[in-house]
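J.: For reference, the chains in residue letters:
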Amino acid sequence: MKLLHFFANHRAEVATLFGEHLWLVGVSMFFAILIGLPLGVFLTRRPAWRALVLGGTSVIQTIPSLALLGLLLPIPWLGVRADRLTITALSLYALLPIVRNTYTGIMGVDAPIRQAAIGIGLSPSQMLWHVELPLAMPVILAGVRVATALTIGVATIAAAVGAGGLGEFIFRGLAMVDNNVILAGALPAALMALVADGALALLQRSMQRPKAS
Amino acid sequence: MNPPPENAIEFIGVEFRVRSSNSILHNLNLAVHRGEVLMLLGRSGSGKTTSLRLINRLETPTSGEVRVEGVSTTDWDPIRLRRGIGYAIQEVGLFPHYTVEKNVGLIPGLEGWNRSKIEARTREVLRLVGLPDADFLKRYPDQLSGGQRQRVGLARALAVDPPILLMDEPFGALDPLSRVQLQKEFRELHKRLQKTVVFVTHDVGEALMLGDRIALMESGSLRGVFTPKVFLESNDEIVKAYVEAFRTAQSVLNA
Numbered sequence: 001m002k003l004l005h006f007f008a009n010h011r012a013e014v015a016t017l018f019g020e021h022l023w024l025v026g027v028s029m030f031f032a033i034l035i036g037l038p039l040g041v042f043l044t045r046r047p048a049w050r051a052l053v054l055g056g057t058s059v060i061q062t063i064p065s066l067a068l069l070g071l072l073l074p075i076p077w078l079g080v081r082a083d084r085l086t087i088t089a090l091s092l093y094a095l096l097p098i099v100r101n102t103y104t105g106i107m108g109v110d111a112p113i114r115q116a117a118i119g120i121g122l123s124p125s126q127m128l129w130h131v132e133l134p135l136a137m138p139v140i141l142a143g144v145r146v147a148t149a150l151t152i153g154v155a156t157i158a159a160a161v162g163a164g165g166l167g168e169f170i171f172r173g174l175a176m177v178d179n180n181v182i183l184a185g186a187l188p189a190a191l192m193a194l195v196a197d198g199a200l201a202l203l204q205r206s207m208q209r210p211k212a213s
Numbered sequence: 001m002n003p004p005p006e007n008a009i010e011f012i013g014v015e016f017r018v019r020s021s022n023s024i025l026h027n028l029n030l031a032v033h034r035g036e037v038l039m040l041l042g043r044s045g046s047g048k049t050t051s052l053r054l055i056n057r058l059e060t061p062t063s064g065e066v067r068v069e070g071v072s073t074t075d076w077d078p079i080r081l082r083r084g085i086g087y088a089i090q091e092v093g094l095f096p097h098y099t100v101e102k103n104v105g106l107i108p109g110l111e112g113w114n115r116s117k118i119e120a121r122t123r124e125v126l127r128l129v130g131l132p133d134a135d136f137l138k139r140y141p142d143q144l145s146g147g148q149r150q151r152v153g154l155a156r157a158l159a160v161d162p163p164i165l166l167m168d169e170p171f172g173a174l175d176p177l178s179r180v181q182l183q184k185e186f187r188e189l190h191k192r193l194q195k196t197v198v199f200v201t202h203d204v205g206e207a208l209m210l211g212d213r214i215a216l217m218e219s220g221s222l223r224g225v226f227t228p229k230v231f232l233e234s235n236d237e238i239v240k241a242y243v244e245a246f247r248t249a250q251s252v253l254n255a
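Residue numbers (my numbering), protein chains in the order written: chain A, 1 to 213; chain B, 1 to 255.
Hints are not guaranteed to be accurate.
Unchecked claim - Cut-off 20 Å, straight-line C-alpha distance, at most; resulting in silico cross-link-like pairs (SDA-like, lysine to any residue):
#1 B:K138 x A:Q208
#2 B:K184 x B:G130
#3 B:K102 x A:L135
Bear in mind the hints are in silico, worked out from the structure with no lab data behind them. Here the structure is a predicted model, which means the values were calculated and not measured.
Work out the full structure: start from the sequences and follow the hints.
T.: Okay, here's the thing in C-alpha cells:
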C-alpha cells in the first residue's frame, strides 16, 4: 500500500526517471548493435580474430559494472558527462551477446545453402544480405534480447555517477533504508525488462518464416 | 570478335588435390560440346562432383585449367562466370526464407532487371518446369513436395537463361515416380532449350536415359567418354560392370 502511495505522490518523478532509463538503454543498445553486428560479421570473415574479440568482450562483462564506470571516468571526452560515460559502459556490456550471436547465427547457416548461393553467383556482400543475415536473424535477435535485459538491469547503476534513471530510487532507498523506495525503482525496471523482452520475442517470432501446415 | 569456341567447357590436364590428401582428380582431360548433355557418371568419391564444381569455380584446379567459353575459370570474374552458368543441386539449395518467386527472381534482380521483366520471366521458367499455377509463387520451399522443390531449383537455374547448366544429382532425393517424371520432362526441356548441360549422377539408368554422352569417372580419373549406345556395348571392364548392374535390375523387373 505504501508503495502505491509513493507512486501516486511521485508520479512525475517516476515518469521522468523511467524515461531517462529507457533513453539510456535505448541509446546504449543502438550503439551496441551498431558496433556488435558488424563485428560479429567481421569474425565470420576473419575467424583468426574470433578468440581475441569474443575473449575481449567476455572480459568486459566480467568487470563489475560500478568498476567499469570508475575505469572509464578518467577518459577525457567520456568522463566529463555522466550520460556519455554510462552509455559507453552499457554499450560495452551489451556487446558480447550481440557479437557472439551474430557470429554463431551466421556460422550456423547450412553449408549446402551457402554453396548454392555462391554457385548461383552471389557476391560475398549479396550473400550476407540475402542469405546469411536473414537466416541468422532469429539467433541475432536472441542475442539482442539477452543484451537488452542485461542493459536494463545494469542501467540502474547509472544513478551512481549521476546519469539518472530508475537507479535514483534504488540508491535513495538504500540511503533511507526504505524498501518501498528501492522497489519504486526496481519494479518499473523489471517491468521494462519484461515488456522489452516480450516485444523482442514477438519480433523474433514474426521473422520466423511460416511453416508448412 | 573471335568465333565462339566449339567446346563450351574444356578440362585440360586438370589435377585437383586438397592439402595433404591424395589426388582427388588426376590428369582430367575432357571437352563438353556446345548444346550436349554430358553425364558425369561414377561412384561417390570418384571426383564427379568436384569436376562439376571446377566448372563454376567453386574449386580451382591445383594444376591444369578448366576453360569455359575458351577462357580459363581463373581468368573469369567469378561472379560473372557463375551468373552465366545455371546451377541446380539437390533440393537443399533453395533459400528457405524466400518464396518460390523470390528464389527464382533473385539473380535476375541482382542483374538489374526491372520488376515486370522479372515477374514475366519467373512465370515463364516456372511454366517451363511444369509449375504453371500462380499460387506456387508465394509458397516457401518447405511448403512444396520434393519434386516441386526440384522443379523450382531448375527454374532458378534457368532464370537468366544461361547457356550452360550444371546439375548435381538433381533428382537424387526424389521418389522413383517423381524422378522418372522429371527425367522425362528434362529431356523434353533440353530438346527445346539446347543448353550445354553437365549432369552428375551415380545412376546408370539416368545416365543412359538423359545423356548425349557419358563420361565415366573412377577414383579421380576419367575412364572414358561414351555415347549411351557405345556404353552398352563396351568391353571396358568397369563399364561392363555398370551395364551388368543395370541389366540385372531390369531383368529382375521383367522376370
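J.: Check each numbered hint against the structure and report the violated ones by number, ascending.
T.: When the structure is compared with the hints, none of them turns out to be violated.
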